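Here the protein sequences come in this chain order: A and B.
Residues 1 to 113 (the numbering used here) make up the first sequence, in order.
Residues 114 to 228 (the numbering used here) make up the second sequence, in order.
Rather than coming from a laboratory, the hints here were simulated on the basis of the structure.
Keep in mind that a hint or two might mislead.
Keeping only pairs whose Cα atoms sit at most 20 Å apart, straight-line, the calculated EDC-like set for lysine to aspartate or glutamate is [unchecked claim]:
id, chain 1, residue 1, chain 2, residue 2
1, B, K154, A, D9
2, B, K149, B, E180
3, B, K154, A, E8
4, B, K153, A, D9
5, A, K49, B, D209
6, B, K135, B, E165
7, B, K149, B, E137
8, A, K69, A, D54
All of these numbers come straight from a predicted model, not from anything done at the bench.
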Amino acid sequence: AQSVAQPEDQVNVAEGNPLTVKCTYSVSGNPYLFWYVQYPNRGLQFLLKYITGDNLVKGSYGFEAEFNKSQTSFHLKKPSALVSDSALYFCAVRDNYGQNFVFGPGTRLSVLP
Amino acid sequence: ETGVTQTPRHLVMGMTNKKSLKCEQHLGHNAMYWYKQSAKKPLELMFVYSLEERVENNSVPSRFSPECPNSSHLFLHLHTLQPEDSALYLCASSQDVTGVTSPLHFGNGTRLTVT
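With the hints as constraints, model all of the structure from the sequences given.
Laid out in structure tokens, this is it:
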């Protein structure tokens, strides 16, 4: 069965500092990994995905994520955080057997001015 | 503009009411989904439709009844709800159900409160 873990409920970071939001996963086949962001009173917005190829993928708003097969991780990163990055972040996984998306519980990111 | 529009944005209903949530996608996608998002719980998949045919129903109580008249529209009919059904209901679409690389595109949700 597929599963996704986001070990931190909350991440606090100062504006201008680098940020990392952690995600680990478990799938039967090849993983397809996604990050979404949710701002207050809004739906989830797609940020980026890893399908195959380069382990470092770049996405919207300056975010990037690094796929690490040996550690089964897909951490979200940004070199310099903005206050406007404060939101709820979800990691999600699918496998190549076509199962539905499985979402992690979410991590709340607070960027402090 | 997300490409997926949900109405109403907010809904308050009593336990004996009947109401419907509406979702429309303008992306030309073939798959549509209903998710439930409750506080402090993971996102719950409720229903999946592919080309207007229901392909998954995740043990959702019968007081929730989906309808997909065409590939652009999705409804969730509600009746005899319970207070624990209060949540944010999210509609999403994707290119198709089997395309594993296609991301979901979400609407902004309907915030439902059952009194």
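Hints and how they fare:
1. B:K154 with A:D9: Roughly 12 Å between the alpha carbons, so the hint for K154 of chain B and D9 of chain A holds.
2. B:K149 with B:E180: With Cα atoms ~16 Å apart, K149 of chain B and E180 of chain B stay inside 20 Å; holds.
3. B:K154 with A:E8: Holds, at roughly 14 Å.
4. B:K153 with A:D9: Distance ~10 Å between K153 of chain B and D9 of chain A Cα, so the pair holds.
5. A:K49 with B:D209: holds (17 Å)
6. B:K135 with B:E165: OK: K135 of chain B and E165 of chain B at ~15 Å, within 20 Å.
7. B:K149 with B:E137: Distance of about 17 Å is within 20 Å: holds.
8. A:K69 with A:D54: Distance ~12 Å between K69 of chain A and D54 of chain A Cα, so the pair holds.
In summary, the structure agrees with every hint in the numbered list given earlier.
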